[in-house]
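S.K.: The primary structure of each chain is shown beneath.
Number of protein chains: 4
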Amino acid sequence: MQTSQSPRSLKEKQRQERETLILQVAEEVFLERGYHETSMDEIASRVGIAKGTVYLHFPGKDDLIVAIFARDMQEILRHLDASLDAQSSPQAKLEALLYFMYAGLFHKRTQLLSTIYHSVDMRRLFAEKGNCIKSLWESVVERVSLLLEEGKARGEFDATLPTSVMTSIFLSLLSPKSYERLISEDKLSPEDIVIHVGKIFFRGIAAQ
Amino acid sequence: MQTSQSPRSLKEKQRQERETLILQVAEEVFLERGYHETSMDEIASRVGIAKGTVYLHFPGKDDLIVAIFARDMQEILRHLDASLDAQSSPQAKLEALLYFMYAGLFHKRTQLLSTIYHSVDMRRLFAEKGNCIKSLWESVVERVSLLLEEGKARGEFDATLPTSVMTSIFLSLLSPKSYERLISEDKLSPEDIVIHVGKIFFRGIAAQ
Amino acid sequence: MQTSQSPRSLKEKQRQERETLILQVAEEVFLERGYHETSMDEIASRVGIAKGTVYLHFPGKDDLIVAIFARDMQEILRHLDASLDAQSSPQAKLEALLYFMYAGLFHKRTQLLSTIYHSVDMRRLFAEKGNCIKSLWESVVERVSLLLEEGKARGEFDATLPTSVMTSIFLSLLSPKSYERLISEDKLSPEDIVIHVGKIFFRGIAAQ
Amino acid sequence: MQTSQSPRSLKEKQRQERETLILQVAEEVFLERGYHETSMDEIASRVGIAKGTVYLHFPGKDDLIVAIFARDMQEILRHLDASLDAQSSPQAKLEALLYFMYAGLFHKRTQLLSTIYHSVDMRRLFAEKGNCIKSLWESVVERVSLLLEEGKARGEFDATLPTSVMTSIFLSLLSPKSYERLISEDKLSPEDIVIHVGKIFFRGIAAQ
DNA sequence: GATGAATGAGAATTCATTCAT
DNA sequence: TATGAATGAATTCTCATTCAT
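Chains as they are written, first to last, in UniProt numbering: chain A, 1 to 208; chain B, 1 to 208; chain C, 1 to 208; chain D, 1 to 208.
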């Protein structure tokens, strides 16, 4: 019995590993070159497999990028949930998210997310193929909204501001593209930037 | 005398008109479909002319989008300069820019600008073909920076915050993409949004 | 009457001049760039007229090159007839032709002729559009043949060689392309080359 | 062992075969229609494959014709070297080349070579893309030159004639285009033509 | 499963030719 | 008559996707 299942799960494990590898590499290349400028050939050869093999894991280029998004969103959610569990103020939780998205390991991924989030064609793509993405993103938005509401309830954030606006601004602060020049030209560290950005935002929404 | 010049200037005027029309339509289509998903054929047929005619005005697809950008940037600069002349505080000037970019007629264009500003391939394109764009954008950034500096000098903005960070945040607030849901779901008017966004930002950077 | 005809003939004269100019320029450009690489635009702008004007003189690009050929062939024939009139031996006449085609003013034109004569598409073109060309060329071939026959009859050329072969070889010696390297690398003058080529050919066909 | 190497070499063999087939067909079509009048589509469909497949073997149309040339030149060189090895007089060797180029199987190819050799645009193309071609052709020219020099040294050829001129004339005799009419109209066999051409040339350059 | 050769729809671009002014 | 803007057929080349091995 084990002998019949072990190979199965072994295979399955290998399959998972390869799939993860493909996603990793594809994410990298998409970030470097952009979705349209990246060919399936390039992804495959950078993974070290044949083009056809990619298609055994993902039915098409669309699905590949959708999968990348889904995975990244899930990780963000995982992180969010973790930081929600840790007992702390809503502001501390949002600061942690800001840090995670921008200054931490997720930095690169955030770039891709924001890049693609802003492009029309990707949005259309997700509207068609990426139902899951949409709901995942909704979850993120909702969690952020809830944190902001909680802050309001606690009297920490300005209750006269619409939560939706606060949420939107918070999310638009997550685009690292805008901060590139701060790093390259002004020699600021990501950590510094996050601190300043957080300061401005939380002051901006603070209860009077 | 007039007869010798009139036809020339007439032709020239017609040419200008058509060129403007192409730019307008192209801007629209690029906004709807994205750069890569838009074919020259589509632009031409939406203008109501033949594919070849577009090439009489713009040497290639690249140049077309670069031209759109250049025109938009110039208009932004024109507007900025106008609002700089009007006597008012730096904050009022920045609020005017925010309004212009997001709530006014420029709304749609701002979307395209931000869309493309965030995509990797467009950035590469502009790095290669769009020298003028780069310098136009630098001008915008510089003017915003100067206004923020001025506000600091007047004691209105927090002088302990790096100007560069303030500038980056201000610019990242110009992406209307992020605010779309506010309009469609929360039924906020662009004007309201601008007011709230401005409030949060200027509170955030206000001198203590 | 004169008043009604003079302008006519004046116009006609101007028309002729312009046509000649177009032919001259077109010949130059075709020689520089080749038929396919030359655009009607380039010809027109080098003549200093509008593209459409070329079409008032020649119905198409094909006809333009056919006209160039026709004109060149006629000039060769004119020259041939002139040298036939001058009393001299067949060999002297053929040498004169060789010189004319290669070393004289006709040099450039000969290049174009040979260039085009050797290309498949031009041959097809002439088969379709250039009836006159074919017959003009036949005339040239015939005259050369007759001269060779005459030389045979006089006992100067080897009567055992087929005239047609002699003719073919003579004509294939008219391609200046082959001699370019002699000029550029071996620093031979066109005159020297003609002398040597003639020497080899006439020795080759001399009666034993 | 064989099983691991066989598939590789099998694939490679098939690849070679297809490549050769493409070259063959392309050569034919180029000869029939000319370079510019031939579309990649036509070549592909005559081979019986898709357009894209041609591009798997040759990066572009240019490279295709360059490859054809390179292959043909190599074959000529191979033949030349073979005939150089066979002990015989320089004249016999040159006659063999003449025969090979014109009367033998190579006939068709020689036509293409000469066709393209005479066209301006092909020359430019080769100047840019065909470094190898240039050097291959130089080799051919050099070998012919050496044979002519050797003949002079042996006292068989006229030492007062410049070798370069003799070489040029010999090479210009290799254009079968000029001899077409001999076959079609005068009903001469290629063999006859070669004999006569050779006779005239070698008499022409014979030592006195 | 993995491969990568083959496919062919699709896009950008060119340019001979036409025709309204 | 001269012009040159407009046209659109034709061509080259790319690349996501398929499928026989």
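Calculated directly from the structure, the hints in this document are not laboratory data. Treat the hints with caution; some may be incorrect.
Distance condition first, Cα-Cα at most 25 Å in a straight line; then the derived DSS-like pairs of lysine-lysine [what the hints assert, rightly or not]:
no., chain 1, residue 1, chain 2, residue 2
1, B, 134, A, 187
2, C, 187, D, 134
3, D, 11, C, 134
4, B, 61, D, 61
5, D, 134, C, 177
6, D, 152, C, 199
7, D, 187, D, 177
8, D, 187, C, 134
9, B, 61, A, 187
10, C, 177, D, 187
11, D, 199, C, 152
12, B, 177, B, 152
13, D, 51, D, 61
Computed far set for chain A versus chain B, every beta-carbon distance over 10 Å [as the list claims (entries may be wrong)]:
no., residue
14, 90
15, 95
16, 108
17, 119
18, 186
19, 188
All C-beta atoms, glycine included, are put in the ideal place defined by N, C-alpha and C.
S.K.: Just to be careful, I want the Cα atoms of residue 51(D) and residue 61(D) compared with a cutoff of 25 Å; is the pair within it?
M.R.: Given that 25 Å is the threshold and the Cα spacing comes to 11 Å, the pair holds.
S.K.: Please work out if residue 187(D) and residue 177(D) have their alpha carbons no farther apart than 25 Å.
M.R.: The given pair, whose Cα atoms are some 15 Å apart, holds under the 25 Å limit.
S.K.: Is it true that the CA of residue 61(B) sits at most 25 Å from the CA of residue 61(D)?
M.R.: holds (24 Å)
S.K.: Report holds if the minimum CB distance from residue 188(A) to chain B is greater than 10 Å, and violated otherwise.
M.R.: Residue 188(A) not clear of chain B: closest Cβ-Cβ about 7 Å, inside 10 Å.
S.K.: Sort out whether residue 177(C) lies within 25 Å of residue 134(D), counting only the CA atoms.
M.R.: Roughly 15 Å between the alpha carbons, so the hint for residue 134(D) and residue 177(C) holds.
S.K.: Sort out whether residue 152(C) lies within 25 Å of residue 199(D), counting only the CA atoms.
M.R.: Measuring from Cα to Cα gives roughly 17 Å; hence the hint holds.
S.K.: Given the hinted pair residue 152(D) and residue 199(C), is their Cα-Cα distance within 25 Å?
M.R.: holds (17 Å)
S.K.: Would the least Cβ to Cβ distance between residue 119(A) and chain B come out above 10 Å?
M.R.: It is violated; residue 119(A) is separated from chain B by about 5 Å at its closest Cβ, not greater than 10 Å.
S.K.: Would you check whether the claim that residue 95(A) is not at the interface survives, using Cβ distances to chain B and the 10 Å cut-off?
M.R.: holds (14 Å)
S.K.: So if I understand the rule, the pair passes when the alpha-carbon distance is 25 Å or less; does residue 11(D) with residue 134(C) pass?
M.R.: violated (51 Å)
S.K.: Is the straight-line distance between the alpha-carbon of residue 61(B) and that of residue 187(A) 25 Å or less?
M.R.: Roughly 36 Å between the alpha carbons, so the hint for residue 61(B) and residue 187(A) is violated.
S.K.: So if I understand the rule, the pair passes when the alpha-carbon distance is 25 Å or less; does residue 177(B) with residue 152(B) pass?
M.R.: violated (30 Å)
The earlier numbered hints that this structure contradicts are 3, 9, 10, 12, 17, 18 and 19.
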